[in-house]
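Chemist: Chains as they are written, first to last, in this note's numbering: chain W, 1 to 539; chain U, 540 to 1055.
If you are wondering where the hints come from, they were derived from the structure by calculation, not from laboratory data.
Zero decoy hints are in this set.
Computed footprint of chain U on chain W, listed as stretches where at least three residues anywhere in the stretch have a Cβ under 8 Å from a Cβ of chain U:
(1) 390-400
(2) 417-430
(3) 532-538
Everything numeric in this text was worked out from a predicted model, so none of it was measured.
Where a beta carbon is used, it is the ideal one built from N, C-alpha and C, also for glycine.
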Amino acid sequence: MIPDQSIEEPISLSMVPYTGTWTKAEAAHLLRRTMFGATNQQILDAVANGMATTVTSLLQIPAVSDPITYDPNDTISTVGTTWINSVYPTNVTAAQLTENARIKSLGAWMMKRINTEQLNISEKMCLFWQNHFAATATLDSRATYNYHMLLRSYALGNFKQLVKDVTIDPCMLLFLNGASNNVFSPNENYAREILELFTIGKGPQIGPGDYTYYTEEDVAAGAKIFTGFLVEGLRSDTLTSPVSTFYPILHDATTKQLSAHFGSVTIPDGGASEYSNYIDIIFQQPQVATYICTKLYRYFVNYDLTPTVQSTVIAELAATLIANNYDILPVMQELLSSEHFYDVALRGSMIRGPLEVIYGMFNATSSTPNFNLATDSDMYLSIYWFAENMGQAYATPPSVAGWIEYYQAPAFSKLWVNSTHIKSRFDIASYITVFTGIPVNGDNLKLDALTFVDGLSLPSDAITVIDDMCDVFCPKPISAAQKLTLKLILTNGQPDFEWNIQYTDYLANPGNTSFSNPVKQRVELVLMRIFQIPQFQTI
Amino acid sequence: MKRRNFVKNISLASLATPFVLKGINYEAVSKKLFNYSKSAEDRVLVLIRLNGGNDGLNTVIPVDQYANLVIQRSNIIIPEPSILAISPEVGFHPVMTGMQNMFNAGQLTVVQNVGYPEQNRSHFRSMDIWSTGMLDQNETRGWLGRQFDNDYPNYPADYPNATYPDPFAISMGYEVSSTCQGLMANFSQALEDPFATVNLLASNVANDGTYYGSHMEYLSTLIDQTNAYGSQINTAANAGNTLSTLYDINNPVAMHLKSVAQMISGGLKTKVYILNINGFDTHDAQVSTTDVMAGTHADLIKMLSDAINAFQDDLNLLGISNRVAGMTFSEFGRQIASNASLGTDHGDAAPLFLFGTCINAGIIGPNPSIGNAINDQEGVGMQIDFRDIYASVLKDWFEVPVADIQPLFEQTVTYYQVLGACNVGIEEEEFAKNKILLFPNPAVSNTSIRFEAQNEWVKIDILDFNGRSVKTVYDSNINQGTHTISFEIGELSPGNYFVTIQKTSGDQTAKLVKLK
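In isolation and in its complexed conformation, chain W is listed as follows (with noise of 0.2 Å):
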């Protein structure tokens, strides 16, 4: 049975601001795709601010602590301090032994920036940007943490600068073989990648070696333009952070010249800046604004770019971003606010990524590990792991170009389930709800489910809270039927009025378990439930 409003009307191409109503259904929808996991109270919060507001405050990027050390190995930095700006022992062991405490203390770190993320866009954008720039961690954390840092203050900042910044930084030069690009060796890895992945795209091959937007003759000259950096200070006892340096006697100081698709230029020597005149040739090209707004567009709004799509949306966006000189921000503002995005077409549209569907449990019922440092640490670790085993290792992409579910067509965002990934989705679901949850040093890491309950409109209701349960993981209603098995869950077959009599004796008897553990343990089974159901998969 499909209820008639859920039968789509054609969509909506314009980008003007939205003025619909403005219900928990929509403001669900802009949490679900600008965050991890929204909690009930955040979607209400942000019905009663309106749209304009709530997208004002998304686009507020937080400032972020640091990582601190939790593993005595990391000789140099003690447990509790931060180890960013710490040299390595001069002994090589002991260097590993720290760097794998600080590779541990910095998984852990970007997995509770996710977990313990606030009404803001930043973290969905840290991830965009990982999956855009997808270099890997290095062997020196400080360079891995240096870049996740770079991206994160970009996170919706200059674009072309962003591109500048990252060409230079020492963990994409060692990734992309920048750092071993001189005169004498010229390497073609980056030169390529900027050009086909990072900035203007690859078009259909139209002659050969010219792949429409820039040429092999492209790729070699940007070589010679990209020599002369060294990466230094990889686990220095001496140096506090890896550095890239300028050498111009590694430098090609030939004249480049461009194929006629940036206008045949021809590059002078530009010594430690010529990079940087390279990309702004580069970013002359109205194509580096369609490329990255279609990009932003597969990963916010959803994969399938028809050609009309193309023509007036991403037109759009991307006319935006020229006219801003290539500034994130506006483009997103312009986006998260238009009557395109929240054509109910597009709701749901998406399969959930193995973060989504982590943080989409742990986030939307506030639940945070809360034991100690080391505990909580590992346990955060252990998320990681979880993810990666579904298919999605954090600041570790599978290749240069990403995770394969943001650019393989036709299939998308359904390559994130298989019949092991859907396996472990649901293992995971049961681990966290009914069963004994993520053992640690002898904790357990559980969902909150009395602080979830608690939180909800009106928890003593049985109906409002598969309601709201449904507001929050899943992207559309559900049918009267799954409802109905959901709230005999969590009456246990009684009569709702049974939950209300439950609730209410918990409530007045808030430290006794005898009450506290049944509501506990009928909410973790419809938290189960709906996490392995087909809705809550998809955002």
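Given chain W, put chain U in place with the hints provided.
Modeler: Just chain U now, with coordinates in the frame of chain W:
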């Protein structure tokens, strides 16, 4: 893959009419040669992916190029006396005793110098090319996925069903294989443990015609399918058996192959199994600092060799070996010259292996030629296009008609004879014992023939396709036993030939392809 009459469809590759050669009715021979298992429906292909780019030159070692190899890779090269000889010109890494045994038993083929034009040295891109079987980067379906799409339209919606209750492909581990990516879904089920029961909560959510609706349908189908296929897998695993004592519990590839044998013997009708071995990207420490025959690469190919050998042993003991053929693949080989870190960097072509009792055992293609001076970053040149091997496997093993194969590929397909006689059944066993082996084949300048003889007079000739002798290779008495005779063919013009052995105990013939 639909049932076809093999003999009728295949006859002899590139042979238009049957003809009589020196009193041997060639068609009669070919019928015997191609006496495969009754139905292609029952056949299983096992693919083993060597992820990271295998160093072919330290796996299948061109012994006749040894002097020049020493110049290029002195810090990692296997000492000549330790190389396991499989022919006068070709040897295996010393850890590959299992695969050497298989080669000697006629259960292994080495296909030399496999790659594709204009090799891409990016892992990502090159593995895409090998998975899709196409150089076109817009292709998203796998080479097997395209064939499955042709055979089983409307997947996944209409499957499983009464006719096809089992998964079409199983990928061992946590990831489905991109070789099986079809238009709408991947045809492979990811599977870690066939004994684990699967019982996911099923939900039937209707497709309301939106993007969301299509996901609901996809997810509902996937959950149902996972349950249904999981139950079939479970039933087969419990009904199945393994008999070999050679599986090493510490060898993960062997244990995955053991699961495969268990499922096949239990009656699962899955057509393709895919295994993955990571770690072949040996930029450094490919060999150990203290022992050039040990180290990462040795461990990996020992794991591979031991695992395949145990699996083949099991299939033989289970009596199902004529239903199973295997193939390895890797995204590229490595450069000829080693680097200073006891490793090798991304290169070009490399050998691949086919195994099973029904494959055309031997060596296909000549050794790579290693110059005494090479270019910077030079790899092994491609001579055999992997896409042609794929096409040949589809044609020979799954009996896909040639007319249906060509549209699956972008190149004009050249077929190689990847299947030989199945060494099973009394008649075939007798035949196998007497068969001759020609390797490499195709060949450029040299090839070898291996045959059995009594104490008798033997005459070996190379005949052209009109049956005229163009060269006499051997004409003398020979002792009882297995003999390998190498001979030059460099002076012959490229094309198809026959090699005949005339002897008192019975004449034999094999086809030889001479390349430029």
